[in-house]
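Please build the complete structure, drawing on both the sequences and the hints.
Chain order of the listed sequences is A and B. Anchor point for the first sequence: position 64 equals 64 in this note's numbering, and the numbering is continuous, going up by one each time. Start counting at 1 in the second sequence, then tack on 1000, and there's your number in this note's numbering.
Here are the simulated SDA-like pairs of lysine to any residue, each with C-alpha atoms no more than 20 Å apart in a straight line:
1. K59/A to E1062/B
2. K209/A to F1018/B
3. K208/A to V1012/B
4. K209/A to K1017/B
5. K1208/B to F18/A
6. K1327/B to I1395/B
7. K1335/B to S1226/B
8. K17/A to G1211/B
9. K1093/B to G5/A
10. K176/A to D1020/B
11. K208/A to I1009/B
12. K98/A to H1003/B
13. K70/A to K1065/B
14. K65/A to K1065/B
15. K1021/B to C150/A
16. K1017/B to E265/A
17. K93/A to G1005/B
18. K1058/B to M69/A
19. K1065/B to D66/A
20. K176/A to K1021/B
21. K70/A to P1040/B
22. K1201/B to M14/A
23. K1093/B to E1265/B
24. K335/A to F225/A
25. K1307/B to Q77/A
26. K1021/B to N152/A
27. K1021/B to T268/A
28. K176/A to L206/A
29. K58/A to F299/A
30. K1093/B to W4/A
31. K1058/B to D66/A
32. K70/A to K1059/B
33. K208/A to E1011/B
34. K1266/B to W4/A
35. K17/A to E1265/B
36. K65/A to T1074/B
37. K1266/B to T13/A
Hints in this document: simulated from the structure, not taken from any laboratory. Quantities reported herein were computed from a predicted structural model and do not represent experimental measurements.
Number of protein chains: 2
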Amino acid sequence: MWHWGGKQILEVTMEYKFSDKVGNKGFDGLGLMMSYLKNPDIIPFAGGSPDSSVFPNKKLAELAKDILMKNPVTALQYNIPIGYEPLRELSAKRSKEKCGAGRDFDRVVITSGGAQGIDITARILLNEGDTVVAENPSFMGSIGSFKSFCANVVGAEMEDDGVNLEQLENAFKIEKNVKFFYCIPNFNNPTGLTTSLEKRKKIYELCKKYGVLIVEDNPYGELRFSGEAIPSIKSFDEDGIVIYVSSYSKIIAPGIRIGFVIAPEKITEEIVRVKQFGDLHTNVFWQMLVTEFVNSVDFDTHIDNIKNLYARKCTLMMSELNKKFDKSIKIAPAKGGMFLWCTLPETDMDTIELFSITGERGVVFIPGMSFVTDSRKTSNSFRLNFTMPSEEQIIKGSDILSNFFN
Amino acid sequence: MWHWGGKQILEVTMEYKFSDKVGNKGFDGLGLMMSYLKNPDIIPFAGGSPDSSVFPNKKLAELAKDILMKNPVTALQYNIPIGYEPLRELSAKRSKEKCGAGRDFDRVVITSGGAQGIDITARILLNEGDTVVAENPSFMGSIGSFKSFCANVVGAEMEDDGVNLEQLENAFKIEKNVKFFYCIPNFNNPTGLTTSLEKRKKIYELCKKYGVLIVEDNPYGELRFSGEAIPSIKSFDEDGIVIYVSSYSKIIAPGIRIGFVIAPEKITEEIVRVKQFGDLHTNVFWQMLVTEFVNSVDFDTHIDNIKNLYARKCTLMMSELNKKFDKSIKIAPAKGGMFLWCTLPETDMDTIELFSITGERGVVFIPGMSFVTDSRKTSNSFRLNFTMPSEEQIIKGSDILSNFFN
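In structure tokens form, the structure reads like this:
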């Protein structure tokens, strides 16, 4: 960082009185992951980033120039918080088509990435001490957001076909002010597991029965490279209890921060009101560019190319790990998404302890603890990303890890 | 909006239990303003938008294409929450140069517009019931953000040379948990008034004495078209008590949502942590594009052109209003920024009542009530924007308003 010059004062004596919300830190898995993103010498099994070779930069460059030349006022002037109408419509149509999400009472709000959709939803729903029930393990960014609003985050264990329903119902019964159930039904982050159709229906009925909203996070739904697509929980939503969040991060590019929320209007009205204070609106130029891109290419073929690449990488990583890892290490099979979830046989082993050691040997993963809803607990699992590393890195990284674990 | 199809259910019966924070609504001046932005038939004295003719779209188009062709991975991949290093450095250098902001203990965080900088600062500092003291009147978006965190917002009256110091000190003495003083020292929104150097120093000393932080919002500082620039309050900050927020919205374009915060590292660390949950990071491509643009043009000349245009429009609006308005209507003279602040002689007149009537006649302004810190109070003032309307619209709009007021 550049130096400011002038009178040198390096230390501040002021004792800052932060909000109580700042105290709820937990383990900073997301920060940890981000800090490794930039080091090109380390094999990046830790990230959640797409393979950058799939970024359609040439087409985007051409359209970008067009938009700025032909439509500069819309692209550069202030806009309305709810989002750019053509992108709202496109997102509605595609969500309905791909997974049945959306009804007449629903509205679409464009957000600055799916993360913002979840964070604002938490902000408008949560009072201090309210409960969020989440799949355990679950995405650390979302858990971090809920905790930052001083919510009580309670986990229900993720099983091969989705969350444990008894634990879910039990949490609804005993926890105080359960506001919503947070889930990633397609290729859960970190486990890669997908909730079955049957369980999706049961989750919906259970939430309806207990008056609990559902925040359905679907960043990876379109990255299915094996098996049939399953309708979203939102597709059953005749009662207006599901807030559906998705994004273009994994199917166009993540750096652009374009996502969306589909929810009943009474909810989107509040989301819009808070977004107005938060960032006013999402970058308009990119809302236009995403719209233009999807409408001007064969978008399904574009996504097929991404899926084929990820299928190949996933298969390679699976076969490398199966070949090299000790058989006692369990690897959850993935049919899509971006991650493999590995579990060591020793239940008392905390993978956070392994993290810095493998890091020194040139490969990083995310220790399971980062995803555990109860931050006091350790985890004998870890998450591996197969989309960002090259095939060569997948082979080399699997070698390093297996030498370490066996 | 497009129709979703399928089984038609228009009404949701679910009773949503929102966060208490959602209850703190007040008058939605920002929403009101945004709702008028899109109607081209209405003379836009209400907005806070730049003149779109100053958007450097041709140069941006050329650089945009270059960035996406030559540096697609950085432009499109995930990045770190604190922001793109070259833009952080550029923002630091310019802020130091233009208004003395920043010392060795400070760090720069790039935010999705200045609004996000203020909103996140509020989020990390405020507990329910904490007090924010603000210039009264003040920017409705910021007040709305503070209230959305259930803060008690207390106003100290804005005078010709800045906030009333007695009221400020009094608020620090009697209010509970005063966390920060929020101010716009250059061309306050809505009044256009600028805080004198002397008062800036006294504000700093007063805040230091009472252990109150200062959130210095400076979106308009570079839009001074008359008189000498005054050092920022941040320039006195030897104690690490000032959080300085600015943006590129008014000097490049607002739709891109690129702003920044300069604050002591202990504070920026918390801002970064929350930003990570909020939107992960600001659109990287635009962070790069702003950097490239500033570095590849004569940026001071670019800003001079904007200032010359605004000076001409401001002078025109002032002379039109002085000529046409009844002398009993007070108009605060502006030396920069974007707004004129008009006050009716009748102190019991509420300009909100005039709003819809003049709207029907084709001109909209923002009623003063939108900016009042105490939402129970009315206002006999209103804000006029002189940057967005054309010179023709300024003349016509002044006619309509003066016919109405005289």
